[in-house]
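Engineer: Based on the provided sequences and hints, a complete structural model is requested.
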Amino acid sequence: MSVVFGVVRFPGSNCDDDAVRVVDQVLRPAGASGRIIWHKERALGGVDVVLVPGGFTYGDYLRAGALAAQSPVMDAVVEFARAGGPVIGICNGFQILCEAGLLDGALARNASLHFECRDVHLVVEGRPTPFTHAIPAGRAIRMSIAHAQGRYVHPDVDRLEGEGRVVFRYATADGAVIEAANPNGSQRNIAGVCNAEGNVLGLMPHPERACEDLLGEGGEDGLMLFECALAWKAGVPARVGGKR
Amino acid sequence: MRARVYVTLKSGVLDPQGQAVARTLGRLGYGEVQGVRIGKYVEIDLEGGDPDAARARVEEMCRRLVANTVIEDYRIEVDT
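Residue numbers (the working numbering), protein chains in the order written: chain A, 1 to 244; chain B, 1001 to 1080.
Hints listed in this document are in silico derivations from the structure and should not be mistaken for laboratory results.
Fair warning: this is a prediction, and the values are worked out from it, not measured in the lab.
Negatives, chain A to chain B, calculated, CB over 12 Å: (1) Q25; (2) R35; (3) E125; (4) P128; (5) D158; (6) A176; (7) G216; (8) E220.
Quick partial rundown of chain B residues pointing at chain A, CB under 10 Å, derived from the structure: (9) K1010; (10) L1014; (11) Q1017; (12) A1020; (13) L1065; (14) V1066; (15) I1071.
Anything over 12 Å on all C-beta distances counts as not near chain A; from chain B, calculated: (16) R1004; (17) G1026; (18) P1051.
Yeah, the Cβ is synthetic: ideal placement off N, Cα and C, and Gly gets one too.
Structural biologist: In structure tokens:
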């Protein structure tokens, strides 16, 4: 029995194949598999985890993620999430989940006005989610970002923090959350948040691009999120990221 | 019938595009410029002849898609 990841593909998705590679090849020995779900499908077909990947769906017309959030498949994704199914949105996928109302807040144009394309470090905090529950607190995780609209804005960020829904913050390589480590002007260095129930997670950085040791130091840090999801589905306690 | 929708960032939400344009206007010698905010202008052509009904429909369109009310405000004008 493998844990099946459904990767939703919209017109303009471009990290979909990377995500499928991670779950269907890199993590196949660990019990994962993956397949694409086309945006016009109305059923998810019995997947265990939904992944909304990065890209530039509909050319970012109107606002990043705004049009994809209205796709036929999103009704099924919302239903899956409301039933407690684990959902992760990465980069444009995060924007889509916000636009679809599954996550609070919005992603505005980077304060720098630049398309920010580089490695960043993150720290994990907040309530446990299916994708982060086994990552040691305070552990700095390295991943890349590649976005122009990633500045997280929330009208009541105190409440969000109070509910433990800030899951990732931009930090230095030592795990210090300081303004200099904030690549896009996000409120309080927020890089990822979850919903009130904790089963829906969105983040701007790309874990699927950091899953193979070929990529060097920290090049496998993204695997931790997928390994957490496998442990979550299996219901076994786990501790990931023990290599360093 | 035509509806004109103006979508603007809420006051308090940083507008780096507006800041960049304000700086450039300053460089061009327009020292009186105190600030610039950039938004979107959307024209929506509609069938039907009842402006009040049209406004109500466009209001709903704005809430559901045209604006993101987390960070944006909108204003609707309906031509008759």
